[in-house]
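Asker: Sequence:
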Amino acid sequence: MSNDKDSLRFLIAASALTVVLWFIPFAGFIVYPFKLFVTFIHEGGHALASLLTLGSVEAVRINPDTSGLTLTSGNRSLPGAMLISSAGYLSSTAYGASLLVLCRRGSNAKAVLMMTAAAILSLTVFFVHGLFGWVTGILLSVGLIFVALAASPRVAHFFLSFLAIQCCLNALYDLNTLFLISATSGRPSDAVNMQRLTFIPAVVWALTWLGASIAALGLALRSYARRT
Numbered sequence: 065m066s067n068d069k070d071s072l073r074f075l076i077a078a079s080a081l082t083v084v085l086w087f088i089p090f091a092g093f094i095v096y097p098f099k100l101f102v103t104f105i106h107e108g109g110h111a112l113a114s115l116l117t118l119g120s121v122e123a124v125r126i127n128p129d130t131s132g133l134t135l136t137s138g139n140r141s142l143p144g145a146m147l148i149s150s151a152g153y154l155s156s157t158a159y160g161a162s163l164l165v166l167c168r169r170g171s172n173a174k175a176v177l178m179m180t181a182a183a184i185l186s187l188t189v190f191f192v193h194g195l196f197g198w199v200t201g202i203l204l205s206v207g208l209i210f211v212a213l214a215a216s217p218r219v220a221h222f223f224l225s226f227l228a229i230q231c232c233l234n235a236l237y238d239l240n241t242l243f244l245i246s247a248t249s250g251r252p253s254d255a256v257n258m259q260r261l262t263f264i265p266a267v268v269w270a271l272t273w274l275g276a277s278i279a280a281l282g283l284a285l286r287s288y289a290r291r292t
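Sequential numbering of the sequence shown, starting at 65, is according to my numbering.
Note that these hints are calculated values from the structure, not bench results. Ideal placement from N, C-alpha and C gives every residue a C-beta, glycine not left out. Do not rely on the hints blindly, as some may be mistaken.
Said to hold, decoys possible - With beta-carbon atoms standing in for the labels, derived distance ranges:
id, residue 1, residue 2, range
1, LEU261, THR241, 15 to 23 Å
2, LEU213, PHE190, 45 to 53 Å
3, VAL219, PHE93, 15 to 23 Å
4, ALA80, SER120, 38 to 46 Å
5, GLY275, PRO143, 17 to 25 Å
6, ILE88, PHE190, 36 to 44 Å
7, SER186, LEU244, 31 to 39 Å
8, VAL268, PRO128, 29 to 37 Å
9, GLU122, VAL199, 16 to 24 Å
10, PRO128, SER186, 32 to 40 Å
Generate the whole structure from the sequences, applying the supplied hints.
Answerer: See the structure below:
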């Protein structure tokens with residue numbers, strides 16, 4: 065029962081800290097690593113979808129402005145191409161929602177951090193191209209491993225809660241940005257790729273992904289509330 069209470073307290077505290085950071089000048093550098101982390105999850109989603117559809121990953125690039133690009137090849141089927149294009153934003157949301165669920169039990173925190181570090185490191189070693197992406201991937205992995213090994217269980221639990229909030233908010237922010245871009249321009253994006261594949265307007269795909277993400281996060285929070 066105490067663990068459940070800690071989970072709720074940590075989630076509320078992590079949410080409050082996130083709101084406070086919005087109002088602190090130049091606090092963007094604090095959340096900058098978390099934005100890069102979400103970029104890794106996003107691009108990793110594209111890469112995983114390509115491998116699952118029997119394609120290959122040519123390169124993953126992570127840029128200092130927190131944007132990214134995944135180049136894939138091998139799968140030319142329409143369902144495979146659609147899955148690959150959709151996987152980035154949906155993976156970010158799915159990961160954030162999963163963290164919310166896993167945060168209900170503090171005993172999961174260190175294991176989740178270690179598994180996440182292993183995933184980021186694997187993506188970096190096998191697919192990331194470019195010095196910035198390599199350095200970022202290694203630093204993120206080392207940071208997650210350090211928290212998992214050196215921090216107390218309660219600190220690791222709070223850190224995972226903060227990571228969950230950051231992932232969820234960044235996923236929704238990125239989707240909102242995608243929706244605005246799709247509605248006002250034809251700039252290259254995952255939604256534009258889907259438009260080319262299906263002839264359905266990019267703005268419809270952006271809105272669909274945004275709605276699916278809000279629903280997934282709502283279900284995760286509802287499940288979390290029931291357990292706590």
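Asker: Next step is simple, just say for each hint if it's right about the structure.
Answerer: Tested hints:
no.: 1; hint: LEU261 / THR241: 15 to 23 Å; result: 21 Å, holds
no.: 2; hint: LEU213 / PHE190: 45 to 53 Å; result: 24 Å, violated
no.: 3; hint: VAL219 / PHE93: 15 to 23 Å; result: 21 Å, holds
no.: 4; hint: ALA80 / SER120: 38 to 46 Å; result: 44 Å, holds
no.: 5; hint: GLY275 / PRO143: 17 to 25 Å; result: 21 Å, holds
no.: 6; hint: ILE88 / PHE190: 36 to 44 Å; result: 37 Å, holds
no.: 7; hint: SER186 / LEU244: 31 to 39 Å; result: 33 Å, holds
no.: 8; hint: VAL268 / PRO128: 29 to 37 Å; result: 31 Å, holds
no.: 9; hint: GLU122 / VAL199: 16 to 24 Å; result: 21 Å, holds
no.: 10; hint: PRO128 / SER186: 32 to 40 Å; result: 22 Å, violated
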